[in-house]
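Asker: Below are the chains, spelled out letter by letter.
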Amino acid sequence: EDQVTQSPEALRLQEGESSSLNCSYTVSGLRGLFWYRQDPGKGPEFLFTLYSAGEEKEKERLKATLTKKESFLHITAPKPEDSATYLCAVQAYSNTGKLIFGQGTTLQVKP
Amino acid sequence: SQTIHQWPATLVQPVGSPLSLECTVEGTSNPNLYWYRQAAGRGLQLLFYSVGIGQISSEVPQNLSASRPQDRQFILSSKKLLLSDSGFYLCAWSPSGRAYNEQFFGPGTRLTVL
Chain A
1 EDQVTQSPEA LRLQEGESSS LNCSYTVSGL RGLFWYRQDP GKGPEFLFTL YSAGEEKEKE
61 RLKATLTKKE SFLHITAPKP EDSATYLCAV QAYSNTGKLI FGQGTTLQVK P
Chain B
1 SQTIHQWPAT LVQPVGSPLS LECTVEGTSN PNLYWYRQAA GRGLQLLFYS VGIGQISSEV
61 PQNLSASRPQ DRQFILSSKK LLLSDSGFYL CAWSPSGRAY NEQFFGPGTR LTVL
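Respectively, the protein sequence lines represent chains A and B. First residue of the first sequence: 1, per our numbering; consecutive thereafter. First residue of the second sequence: 1, per our numbering; consecutive thereafter.
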């Protein structure tokens, strides 16, 4: 069964304190891995798509990486406005169009 | 540019009442459309997806149904709501013709069934 597990569930950082969020996945043929940001009461906002192991994508203070078993979302020198829930999702070749989401990591950055 | 709308934004309904949530997409043609539910403290669960008018695939057997009467309109319905139908309902779209696309989400509808 295709599955996505994110850790930690919650993370508190001081402003400027860099860290990483983990997304471990089990999927029968990875077609794509997606990262989203979700603010309270709003729909998820698309951040990155990663397709193959070794691939990296960057956007401002965020950098996403992918291996054959997991993905990391690195946050460098975070600011309070980076506080949100970060969701990871995978898409398998065997189930075109369906995204399987993890439970998310809720990040709080204190000034 | 493409935009996705959902309404209503919030809804409080009694158990046993009907439901109709609407989603529309602007700025694209023949999008793939999706309905997700996000329960409190849980991840997103795919409910339905559609690759074209009148084409609906159901992922989870439940008290809900979906319809796509127009190319860029997706409707989520129920004849009789249950307490367990409470949650945050999200509509999403992805470009047609490419199976491994990122999906773009609407603002969501918060449904409370009392």
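Honestly, I wouldn't trust all of these hints.
[As the list claims (entries may be wrong)] Here are the simulated DSS-like pairs of lysine-lysine, each with C-alpha atoms no more than 30 Å apart in a straight line: (1) A:K63 to B:K79; (2) A:K110 to A:K59; (3) A:K63 to A:K98; (4) A:K79 to A:K42; (5) A:K59 to A:K98; (6) A:K63 to A:K79; (7) A:K42 to B:K79; (8) A:K98 to B:K79; (9) A:K98 to B:K80; (10) A:K79 to A:K110; (11) A:K42 to A:K98; (12) A:K57 to A:K79.
Note that these hints are calculated values from the structure, not bench results.
Asker: Tell me, in ascending order, the numbers of any earlier hints that this structure violates.
Answerer: 1
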